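A.B. asks: Each chain, written out:
There are 2 protein chains.
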Amino acid sequence: MKLLLLSNSRSPDGGYLTHAHEAIAEIAGACKQAVFIPFAGVTVEWDDYLHKVQEVFSILGIDVQSAHCVSNPVALLEQAQIIVVGGGNTFNLLKHCRELGLLPVISQRVLAGVPYIGWSAGANLACPSICTTNDMPIVDPKGFDALGLIPFQLNPHYTNASPNGHQGETRDQRIAEYLAANSSQCVLGLPEGDWLRITDSAVQLNGSWPAQLFEAGKAPQTLTSPATLYLDAMRLKPFVR
Amino acid sequence: MKLLLLSNSRSPDGGYLTHAHEAIAEIAGACKQAVFIPFAGVTVEWDDYLHKVQEVFSILGIDVQSAHCVSNPVALLEQAQIIVVGGGNTFNLLKHCRELGLLPVISQRVLAGVPYIGWSAGANLACPSICTTNDMPIVDPKGFDALGLIPFQLNPHYTNASPNGHQGETRDQRIAEYLAANSSQCVLGLPEGDWLRITDSAVQLNGSWPAQLFEAGKAPQTLTSPATLYLDAMRLKPFVR
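Residue numbers (full-length UniProt numbering), protein chains in the order written: chain A, 1 to 241; chain B, 1 to 241.
For the record, the hints were derived by calculation from the structure and aren't laboratory data. None of these values were measured; they are calculated from a predicted model. Misleading hints may appear alongside valid ones.
Since the list gives no way to pick one copy over another, a pair counts as held whenever it fits inside one copy or between any two copies.
Straight-line C-alpha distance at most 20 Å; calculated EDC-like pairs for lysine to aspartate or glutamate [to be verified]:
| id | residue 1 | residue 2 |
| --- | --- | --- |
| 1 | K218 | E45 |
| 2 | K218 | E99 |
| 3 | K95 | D145 |
| 4 | K95 | D140 |
| 5 | K142 | E26 |
| 6 | K142 | E99 |
| 7 | K95 | E55 |
| 8 | K2 | D200 |
| 9 | K32 | E78 |
| 10 | K32 | E22 |
| 11 | K32 | D63 |
| 12 | K237 | D145 |
Sequences and hints are given; from them, build the entire structure.
C.D. replies: Right, dumping it as structure tokens:
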């Protein structure tokens, strides 16, 4: 399995996916045809979203077709050499993927070795569920279960900072609530600018900022980046060997 | 109908519901028996949550029983003189209310004139859906439709401020996404410290900070507080006359 899961799309310098060029080139290898899933986009036209992504991938010599441009996106995904899932609203993404019947074909293709690249909502979609998204539940996806390509949860755009004076929950409090309701899971808080490169045997944490690992009943653990993480025997939990 | 919907539980001075004492006393009137719904609490024990709320209401001479302490919470709510719904996680709140069959009885009682007091998640529950909550979707409530006691959506803890450098969506962007997917609705962003006192004919906005009204295709409108708002003929939209 080959996954590239990014916290977010913007490089710290403000460039769109510029921090991910090398990682995208590496995971793509010799593959030159990608299928894009734009359904997390809500306030952006999917055509515009596609063009933005095509600009980045064309630099790397990769052609991108979008699932929203064809009458049979399942057939398109069956032929995909690379699957790319963009960020936006995770609920909108999951709703459309479920309604179009895309979840099984994405899983099958990725388990068969097709590289999966996702950022923000696209990283959430790779998790067992979308329960650790930061997004507003603007539409009902009719179930929170997602692709389950990785056995743990991600929290993209991870930070525990709050606007000055904010009295709502901090991010850490939200994740603690998730773990109180889902004690067997664990959550990796992935700060902006970081990403995971995942194979069958290990998880490579990359980017300049430490990630934060949350488990029920334990203090959060800071994971320095870069680092190679492994999965425990239950495959639920990444750890540094 | 008598509703008191607060953005949040903490007064600007840090006291628990202290800013709401007068408003609670006013809506309670001669009623001295309240039923509390603690199910938004996730990392707090419901007994502890009840005690915290009892402390506040006892100052006002109001007895509070909790729905989690009885074998038949529907029967308890059928006898309630006041219904109080606390904040926490909106998904957890809606899930438990749905599973326990509390939504119909709460609606019936409030439509029959029983005062409803809710803060944060408890204010979200009074809306047509929980789609404008800020909370993490830690559990699946099996549908986002809520009590629908008011015809518009609230966004509690409203602020458009973000932590420094944050590249995820701002609150205004999240609300714009909601409106893009739900264009017939409108959303009132209620800043911390503010509250609504709602009757059948009008909505009184209280507290020291302006609220923000969002509609699809329009610039957000700042509503100075305090103000009396009215509902349009379609009852979807509050406005200043």
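A.B. asks: Now, for every hint given, state plainly whether the structure supports it.
C.D. replies: Status of each hint after checking the structure:
1. K218 - E45: between (43 Å within a copy, 18 Å between copies)
2. K218 - E99: neither (38 Å within a copy, 30 Å between copies)
3. K95 - D145: Classified as both; 11 Å inside a copy, 16 Å across copies.
4. K95 - D140: both (7 Å within a copy, 14 Å between copies)
5. K142 - E26: Neither, since 35 Å and 40 Å both go past 20 Å.
6. K142 - E99: both (9 Å within a copy, 16 Å between copies)
7. K95 - E55: neither (27 Å within a copy, 43 Å between copies)
8. K2 - D200: within (8 Å within a copy, 57 Å between copies)
9. K32 - E78: Within one copy only: 15 Å inside, 64 Å across.
10. K32 - E22: Cα proximity of K32 and E22: one copy only (15 Å, versus 66 Å across).
11. K32 - D63: Classified as within; 6 Å inside a copy, 69 Å across copies.
12. K237 - D145: within (18 Å within a copy, 34 Å between copies)
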